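*Asks:* Below, each chain spelled out in residue letters.
There are 6 protein chains.
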Amino acid sequence: MLIHVVNPNTTKSFTQKIEAAARAASAPGTKIIATQPDMGPVSIEGYYDEAFAMPGMLMRIVEAEKQKLAGHVIACFDDTGLDAARMAANSPVVGIGEAAFHAASLIAYKFSVITTLSRSIPVIEHNLNRYGLAARCAKVRAAAVPVLSLEDANPPARARISQEIETAITQDACEAIVLGCAGMADLAQSLSDEHGLPVIDGVGAAVGLIEMLARNSLQTSKVGGYSRPLPKTYTGSFAAFAPHKF
Amino acid sequence: MLIHVVNPNTTKSFTQKIEAAARAASAPGTKIIATQPDMGPVSIEGYYDEAFAMPGMLMRIVEAEKQKLAGHVIACFDDTGLDAARMAANSPVVGIGEAAFHAASLIAYKFSVITTLSRSIPVIEHNLNRYGLAARCAKVRAAAVPVLSLEDANPPARARISQEIETAITQDACEAIVLGCAGMADLAQSLSDEHGLPVIDGVGAAVGLIEMLARNSLQTSKVGGYSRPLPKTYTGSFAAFAPHKF
Amino acid sequence: MLIHVVNPNTTKSFTQKIEAAARAASAPGTKIIATQPDMGPVSIEGYYDEAFAMPGMLMRIVEAEKQKLAGHVIACFDDTGLDAARMAANSPVVGIGEAAFHAASLIAYKFSVITTLSRSIPVIEHNLNRYGLAARCAKVRAAAVPVLSLEDANPPARARISQEIETAITQDACEAIVLGCAGMADLAQSLSDEHGLPVIDGVGAAVGLIEMLARNSLQTSKVGGYSRPLPKTYTGSFAAFAPHKF
Amino acid sequence: MLIHVVNPNTTKSFTQKIEAAARAASAPGTKIIATQPDMGPVSIEGYYDEAFAMPGMLMRIVEAEKQKLAGHVIACFDDTGLDAARMAANSPVVGIGEAAFHAASLIAYKFSVITTLSRSIPVIEHNLNRYGLAARCAKVRAAAVPVLSLEDANPPARARISQEIETAITQDACEAIVLGCAGMADLAQSLSDEHGLPVIDGVGAAVGLIEMLARNSLQTSKVGGYSRPLPKTYTGSFAAFAPHKF
Amino acid sequence: MLIHVVNPNTTKSFTQKIEAAARAASAPGTKIIATQPDMGPVSIEGYYDEAFAMPGMLMRIVEAEKQKLAGHVIACFDDTGLDAARMAANSPVVGIGEAAFHAASLIAYKFSVITTLSRSIPVIEHNLNRYGLAARCAKVRAAAVPVLSLEDANPPARARISQEIETAITQDACEAIVLGCAGMADLAQSLSDEHGLPVIDGVGAAVGLIEMLARNSLQTSKVGGYSRPLPKTYTGSFAAFAPHKF
Amino acid sequence: MLIHVVNPNTTKSFTQKIEAAARAASAPGTKIIATQPDMGPVSIEGYYDEAFAMPGMLMRIVEAEKQKLAGHVIACFDDTGLDAARMAANSPVVGIGEAAFHAASLIAYKFSVITTLSRSIPVIEHNLNRYGLAARCAKVRAAAVPVLSLEDANPPARARISQEIETAITQDACEAIVLGCAGMADLAQSLSDEHGLPVIDGVGAAVGLIEMLARNSLQTSKVGGYSRPLPKTYTGSFAAFAPHKF
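Residue numbers (our numbering), protein chains in the order written: chain C, 1 to 246; chain V, 1 to 246; chain D, 1 to 246; chain S, 1 to 246; chain W, 1 to 246; chain R, 1 to 246.
Derived from the structure by calculation, the hints contain no laboratory data. Hints are supplied without guarantee of correctness; some may be wrong.
[To be verified] FRET-style restraints, in silico, Cβ to Cβ: (1) S190/D / K68/S: 47 to 55 Å; (2) G29/S / T167/R: 53 to 61 Å; (3) T167/W / T233/S: 33 to 41 Å; (4) T167/W / E194/C: 25 to 33 Å; (5) D172/W / E194/C: 28 to 36 Å.
[Stated by the list, open to error] Taking lysine-lysine pairs in the DSS-like style, the calculated list, with each CA pair at most 30 Å apart, reads: (6) K31/W / K222/W; (7) K222/W / K139/S; (8) K222/S / K245/S; (9) K68/V / K31/D; (10) K12/R / K245/W; (11) K139/D / K222/V; (12) K222/W / K139/C; (13) K139/R / K139/V.
[As the list claims (entries may be wrong)] A few chain S residues that don't get close to chain R, going by computed Cβ distances all over 10 Å: (14) S118; (15) S162; (16) T167; (17) A173; (18) L191; (19) V223.
Nothing here was measured: the structure is a model prediction, and the numbers come from that model. No residue lacks a Cβ here, since even glycine has one placed at the ideal position from N, Cα and C.
So that you can see chain C by itself, here it is in the shape it has in the complex:
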């Protein structure tokens, strides 16, 4: 099966890191295609960046739908544009934030989240509330590392994340850790070994959830909030995105 993983920011090195994580967790026979938008922010840190990341990312979703897909993974922990993407696509769409929360809920009573900057905490808490899984999250924490500091191996950034995990274990009574940024995907295994509890990266979890949905022939419901967008004019430079054009 073919899974489309879209990185909603425009930084290609991030896309490559995400693609590697997706591939590593995929089943035999699954093929990954990874894309990123050509317009929008180089990283997503808060609501404002999210707003400008959505159109470019949705364009990638719409384009990828032309192939026969098992589904799409949105590879930003804020699950940028997830609901809009579910309207635009016929195949299922999973965000890496929600994927990590669902995976954590299956192996731990309570989990804590370690994200990058404190400005992302409200975004993540909003999502936890919408998904219904807020009750399973002990605390959302920020390690105070900017997103792009995670582009490459960065020992000081890893150290700060590790320290925040230690604080979470001591203070939150959490049983698992969710890594709150796609850029942390390569750290999950070593942090789990270091701290002796499950550390979850959402990219691999999301790939597994798309595979699960596909093997059960499950697609996004089209009878309510995720109905196909209604045909209508889009004005100005967004004209090509108008729903009746795809």
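Given chain C's structure and the hints, the job is docking chains V, D, S, W and R onto it.
*Replies:* Just chains V, D, S, W and R now, kept in the frame of chain C:
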């Protein structure tokens, strides 16, 4: 004081209707400027339209901030881009959805919402949950009238809305009605007279809330989720929206 | 428009402080009348005092209704007798506690409350739950200053409040502060300047909310829990308060 | 042991009915004293009546405390003045509303409440939320019978209550019924027999809860919201209620 | 009346301690019979032990039902098998965990729980959520004392419990303490004296709740989740437990 | 990879149906082993049956752990013994109820559940609350078909389930349907085709979730509520189940 009211869709007749409603509810000495984006959907019906309405609307917010403002009103009931706008602006921002929910909470124990299409119900329920006011809402209902059918006086659309209000009163034990679309602003008073309970339009309520904040010298907090966007590159046609450019 | 601000305790110097705060936040053309009951406690610190403050305060509400009013403000942070006042009055009634919570919700993701004594914490938490805004409140804290210590400028009391704000910012990840006593109204601006985040006084916020409701022609719903009290005999010294008497 | 049952309204025939129900459910060796205030409303139907019932009822609580008591029962389903009474008394205080909710929670997964008038529904829902037991209540319903219609055996009132129970069983999937007015105490057994599920009267339940607390030497905690009222002046006709006077 | 108290673990000295606590809190005329299963774990520490304690305990419930009972008390703080027991019995069943939570809710705004081992915290939090009383619990804490260390007077175990109570009072703003293990029943009074707030043992509370239900002729509802088990074959060594056999 | 699917009831034809559903949804290279206990009820309908199904099922979990497993699926919709199994096993354990809820949450805003008998509704609602996904469930409904009526193709049972789905779509505004019994696994596809929205069977979803966890090297956390059971004596016929024996 000067209040900027932005209609997030690109339909000018809607902007005019909204401007009139805003002016009618404003205090002596308040001046209203009303705008709409020049790119994006002609109406917002669900998550997909919302995603493409945000950039154009945020551009209007950023431009209007160059004047000395009391604040901004986002005049779509879905409160499109509200969080992003709060990051972008220094003056306060209020959405007409949240404004109507807050107003209803001050005069009724439980209110029901009558929106346009059923696909908007999850959007509104998400917002109610985020604002914390879901417990005050008896039910979100759709009258099955498309947004643009409300552009002008439209007796059949008004009749369907009135009928759904009747159903809400009978079945939901609600004590007030919130009209769930900016295009219904001109119907509030006559529907209230007809049904004998408060019927709330969010445009006027939002103007009053901005005035309240301004007279108390209250502005959006800049210490958490609504901090100023961080300087960074925005790629492609969004380059001009990059945070360090304004 | 004319707004009635009632101080539910019997201390006149408090009424004067409240009247000044109300006037300072009111729109051009708004006139404030401020009253206090002639029977009941000199300050309200917990449920017992509240019970004895209600009858005298409701008498002031009933009397003030004889004039053409925009609405009533109940100027005790516990929102003493708010529901009963809504039954007794035709014009809208807003409590300063709820006003502050609503204002804070419009400019911050999470707020903390600093009240006087710890015995008032459950009262305030009950109200937050009833209004539906508990999810927006990070923590309710007490500065351990008695209500009447706030009658006049009192540097040690202000210092304790300021210290508790500092603790709230550090420990609660709050983005705004709500001052939890009408007697703190004169401290809001200087505490905001000192701590660099919004500090909200409910008196001014409540005046703005009444103005907002009035300009939108919104009054308390009379179809449910806030219906007019039923005619009936009140025995003994409360005979004059019987609903059919007004 | 000695239990004080206070009827918060001033109707003596109600007090007698309540006293009989209390006595019938009490353990061997328990003695019941029943009182009512000499000022306030003849029945409590909504928030306004409640406000004027509290002072007279609290006076009875304070007087009864001069005897060695096992505790107090507040015999109005709205649990009028319960928190204030807990501050005023050293011995425990239980409301018949909360007593019925707790009893129902021990024998059924979900219960529905049948009260008198619809205006009491918000009062009861507020209480369910405060107690934490809202999740156990399927629905609060009103039978549209005024409180004083329950003074004596009243076949039409009983018929309306019975009909509303039938509706609750059919529509709410409830497993037990809570009778939402002290005046319904004499109907519980026959309605249970008629409908084949538990029907709970709060008066008897509250007596049993006071006995339970007393036999376990449990009294109201005095370290937080239920601390003893602070000494202070009460102005005017309430002077005698000032906390330092008792 | 006759109350059956079942200790779900197989340790007889525990049963004796529980029986003494039950007797001490019972009303004149109440007779206590105490039992324990003859198969299953010697103590219950977490979900796995619970699963193996249930069949033996349910056998004791079924046997005891042959007598005319006021009801059953399940004397493990996890309320092991409570729902299954309610299906099996006609007379009411109360767990000591829920009993303690209900009792605490009547005398304090917020309570904290002190249990034995941290692995029992999720079990207790699950129960608080199911009963609806989670909102009343400030925090569930573990004193890190194994269950069987409480078999006899054990000064070091008592010291650790007392220390955790001190931490709860300082950090949780709790107004009462619930002891989270049947083996702590003999410590409640002295810990209450030491710390100056109510300390609640569930065994005595549960006995009082059964007495309350019995004097009000209340039994478990048989119309929903607690209906009589359906007749069916039980295979293997559990054949004798099949519902149609009793 | 090897996945162990345990049917917690003792009916072998059910095990075969479950095994077929598991196999159909599994990835290339996944091998399924299916077992059922040799003691306990022939079907699970409510809490009492659950209690007697757990020991036999846990024995199968413990035995299967001797092989190198990807994980276990508990194939009863009540997720019988799920927490105990997570303590007993090192490899992850997923219940088919929770699996279906998680899958539904990824493709629909709200789902309704159609189970067999109404007595199972509270069990399922408890689980939804524990998992945190109650907010995503519109309603749990019963089709009034006994579990064993689903052993073989049974047109009248299917018709009743289909009818209840129709009612759910009309009344609950649900966007997907979850089938609430392992015995309905073979009906999902045809019911989805018939009703035009996703219909989810938990067996296939659970297999996919185990595969997802395994490919991400995620196992149940052993630092909290799912810690290994402590060594201790199990008395009587359960001696062999004692934790130190495996």
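*Asks:* Next step is simple, just say for each hint if it's right about the structure.
*Replies:* Now for the hints, and whether the structure bears them out:
1. S190/D / K68/S: 47 to 55 Å: For S190/D and K68/S the Cβ distance comes to about 53 Å; the hint holds.
2. G29/S / T167/R: 53 to 61 Å: Once the Cβ atoms are compared, 54 Å apart, the range 53 to 61 Å for T167/R and G29/S holds.
3. T167/W / T233/S: 33 to 41 Å: About 39 Å separates the Cβ atoms of T167/W and T233/S, which means 33 to 41 Å holds.
4. T167/W / E194/C: 25 to 33 Å: Holds, at about 29 Å.
5. D172/W / E194/C: 28 to 36 Å: holds, 31 Å
6. K31/W / K222/W: holds, 26 Å
7. K222/W / K139/S: This hinted pair holds, its Cα atoms lying about 19 Å apart.
8. K222/S / K245/S: Distance of about 19 Å is within 30 Å: holds.
9. K68/V / K31/D: Holds: K68/V and K31/D sit about 27 Å apart, inside 30 Å.
10. K12/R / K245/W: holds, 23 Å
11. K139/D / K222/V: holds, 19 Å
12. K222/W / K139/C: Roughly 41 Å separates the two Cα atoms, so the pair is violated.
13. K139/R / K139/V: holds, 15 Å
14. S118: holds, 24 Å
15. S162: holds, 23 Å
16. T167: holds, 17 Å
17. A173: Contrary to the label, A173/S does not stay out of reach of chain R, its closest Cβ about 7 Å off (not over 10 Å).
18. L191: holds, 22 Å
19. V223: holds, 30 Å
Violation of the numbered hints given earlier is confined to hints 12 and 17; the remaining hints are satisfied by the structure.
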